[in-house]
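Colleague: Spelled out, the chains give:
There are 2 protein chains.
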Amino acid sequence: MVMFKEELAEKAAAVDALLERYLPEEKGYAKTIFSAMRYSVMAGGKRIRPLLMMETFRYFQGENEKLVEPFMTAIEMIHTYSLIHDDLPAVDNDDYRRGRLTSHKVYGEAMAILAGDALQSYAYEVAAAAAADAAPEDMPRMAQAMKVLTHKPGIYGMVGGQVVDVELTGKPIPEDVLHFIFELKTADMIEAAMMIGAILAGESQETVAQIEKAGLDIGMAFQIQDDILDETGDEAVLGKPVHSDEKNVKTTWVTAYGMEKAVQDVREYSDEAVRILRETGESRHLSNDFLFALIEHMVGRKR
Amino acid sequence: MVMFKEELAEKAAAVDALLERYLPEEKGYAKTIFSAMRYSVMAGGKRIRPLLMMETFRYFQGENEKLVEPFMTAIEMIHTYSLIHDDLPAVDNDDYRRGRLTSHKVYGEAMAILAGDALQSYAYEVAAAAAADAAPEDMPRMAQAMKVLTHKPGIYGMVGGQVVDVELTGKPIPEDVLHFIFELKTADMIEAAMMIGAILAGESQETVAQIEKAGLDIGMAFQIQDDILDETGDEAVLGKPVHSDEKNVKTTWVTAYGMEKAVQDVREYSDEAVRILRETGESRHLSNDFLFALIEHMVGRKR
Chain A
2 MVMFKEELAE KAAAVDALLE RYLPEEKGYA KTIFSAMRYS VMAGGKRIRP
52 LLMMETFRYF QGENEKLVEP FMTAIEMIHT YSLIHDDLPA VDNDDYRRGR
102 LTSHKVYGEA MAILAGDALQ SYAYEVAAAA AADAAPEDMP RMAQAMKVLT
152 HKPGIYGMVG GQVVDVELTG KPIPEDVLHF IFELKTADMI EAAMMIGAIL
202 AGESQETVAQ IEKAGLDIGM AFQIQDDILD ETGDEAVLGK PVHSDEKNVK
252 TTWVTAYGME KAVQDVREYS DEAVRILRET GESRHLSNDF LFALIEHMVG
302 RKR
Chain B
2 MVMFKEELAE KAAAVDALLE RYLPEEKGYA KTIFSAMRYS VMAGGKRIRP
52 LLMMETFRYF QGENEKLVEP FMTAIEMIHT YSLIHDDLPA VDNDDYRRGR
102 LTSHKVYGEA MAILAGDALQ SYAYEVAAAA AADAAPEDMP RMAQAMKVLT
152 HKPGIYGMVG GQVVDVELTG KPIPEDVLHF IFELKTADMI EAAMMIGAIL
202 AGESQETVAQ IEKAGLDIGM AFQIQDDILD ETGDEAVLGK PVHSDEKNVK
252 TTWVTAYGME KAVQDVREYS DEAVRILRET GESRHLSNDF LFALIEHMVG
302 RKR
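From first to last, the protein sequence lines are chains A and B.
All the letters of the first sequence, read from the start, carry residue numbers 2 to 304 under the working numbering.
All the letters of the second sequence, read from the start, carry residue numbers 2 to 304 under the working numbering.
What the hints contain is simulated information worked out from the structure, not anything from laboratory work.
All clues stand as given, with none of them false.
No distinction is drawn between identical chains; accordingly, a pair holds when it is met within one copy or between any pair of copies.
Cut-off 20 Å, straight-line C-alpha distance, at most; resulting in silico cross-link-like pairs (SDA-like, lysine to any residue):
{"hint": "1", "residue 1": "Lys106", "residue 2": "Asp93"}
{"hint": "2", "residue 1": "Lys106", "residue 2": "Val92"}
{"hint": "3", "residue 1": "Lys28", "residue 2": "Phe181"}
{"hint": "4", "residue 1": "Lys28", "residue 2": "His180"}
{"hint": "5", "residue 1": "Lys28", "residue 2": "Val178"}
{"hint": "6", "residue 1": "Lys106", "residue 2": "Pro90"}
{"hint": "7", "residue 1": "Lys172", "residue 2": "Gly109"}
{"hint": "8", "residue 1": "Lys262", "residue 2": "Leu230"}
{"hint": "9", "residue 1": "Lys12", "residue 2": "Asn65"}
{"hint": "10", "residue 1": "Lys251", "residue 2": "Tyr30"}
{"hint": "11", "residue 1": "Lys32", "residue 2": "Val92"}
{"hint": "12", "residue 1": "Lys262", "residue 2": "Asp231"}
{"hint": "13", "residue 1": "Lys32", "residue 2": "Lys172"}
{"hint": "14", "residue 1": "Lys67", "residue 2": "Ala13"}
{"hint": "15", "residue 1": "Lys106", "residue 2": "Tyr40"}
{"hint": "16", "residue 1": "Lys172", "residue 2": "Thr33"}
{"hint": "17", "residue 1": "Lys251", "residue 2": "Glu261"}
{"hint": "18", "residue 1": "Lys172", "residue 2": "Gly29"}
{"hint": "19", "residue 1": "Lys106", "residue 2": "Glu168"}
{"hint": "20", "residue 1": "Lys28", "residue 2": "Val167"}
{"hint": "21", "residue 1": "Lys28", "residue 2": "Asp177"}
{"hint": "22", "residue 1": "Lys32", "residue 2": "Glu184"}
{"hint": "23", "residue 1": "Lys214", "residue 2": "Asp266"}
None of these values were measured; they are calculated from a predicted model.
Given the sequences, and given the hints that come with them, work out the whole structure.
Modeller: Rendered as structure tokens:
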């Protein structure tokens, strides 16, 4: 499938250009922070969350792509802020991410803390400005999208998962807690991306709830696949040392359930996600081949 | 004016109760973060921002106070997150605030970073949920309030000011940069509080712009007064060691302009704010004695 890889590269480049457009100009008294924001946002992310958002929007025949763009920007900035703070010396203490020095290695610890804060706040600023300036008929869906954008990365979502992950670093993790961490830390942001795509396309609460479930399944498959790659992958592919997530005792899906079950779980979760997605669109003959290929790519069946 | 002090204490206690109502319950896998959020939010803040918001709303004869409450909660949580991150070892490295141990001294550095992140994200979550669930006729003003709530604490506001402040720690600060820091780091949050009060009361863009200017003046007076107190106050009043803001070379309004001009500037900025506020309400005979007393209290004329 050479076509998919080319299309993916093209679409990811379009997201890069979108992010460039929204990033603040590096000027004025506070320009160091603008530079630090850009450094991490443009550090070669795969743009999976904004792509999932846009492609879900397209699957549901969303029309005005201008509504989605600020939310695509926002979710990537939220993802980036979480990585900057994850990498800090007081948290995971990582010097490299995607083969590049982490924010605090380049800008110092204080500025890396502020760069994370700045990206979180700017993400919400970009989305809230678009919501406030929306046409009256778009306002309810923009407000619903904003609600999801603030909920899923928050204390009952990504941050909550990160807290438990940090607290259990170096300790064995019980299975129920491992599920909790995967669901909150990884799946919630995938859910948010897809739900916002569906909401902005004008889908019903019922369909959005189904998309939330599909997002959860994709998120689980994606994170389990990450654990599998950490066990089997090579450094060049991952951009970080193999086993870098295994300082001290590190419970992963593979150490908890074994490789065979991990591989099977990736398949089951992703099959279920695809089934739900197809079901929501069946009666209306919806399609988006790229979206389904992207999901297969994320869970490692298509490279 | 014994009456004012009693009224202030009563109203601040009502804000405390409001915050208690919104703070997440300390249960579940991630309960450490809920505990850390509560520890800092309930650490005895003066609640100046939520009070200014509510009293500005009342001055403009706002009717449905339920609209304001989530934004009062949000702005106090944003203020608190900024204090937690300010106090971190990599930033100001303060062990005490308001006479209590800072977050990282109690919960450790990683958890303090996450507590700040959590408070920022939860602040936006509380406000965005209220905006999404608002009645259709309230939606535009809720969206405008959300826009201000995400803009003023952000990179062109509070975070931007904090960045410049951190970069210049221990170095002499030119006068234009000192103004920039005061405006962004302190005044922007005061502006946000008062603007949101006016917006939610249904005021026009023109009036909101005047309130923004009044908020700027109050913020400047408030921050200059803080520098004066740091020079003259005693530890019991301030809850932190006198001169604690003066590690190394520390440029303050007092060191830059002298005590006499600093006192005069507090008077001029606050007089101008009061003049603007009275002017916006004059033709409609608006009044709110408590609001004006609160402003005088903030700038140190009334204790």
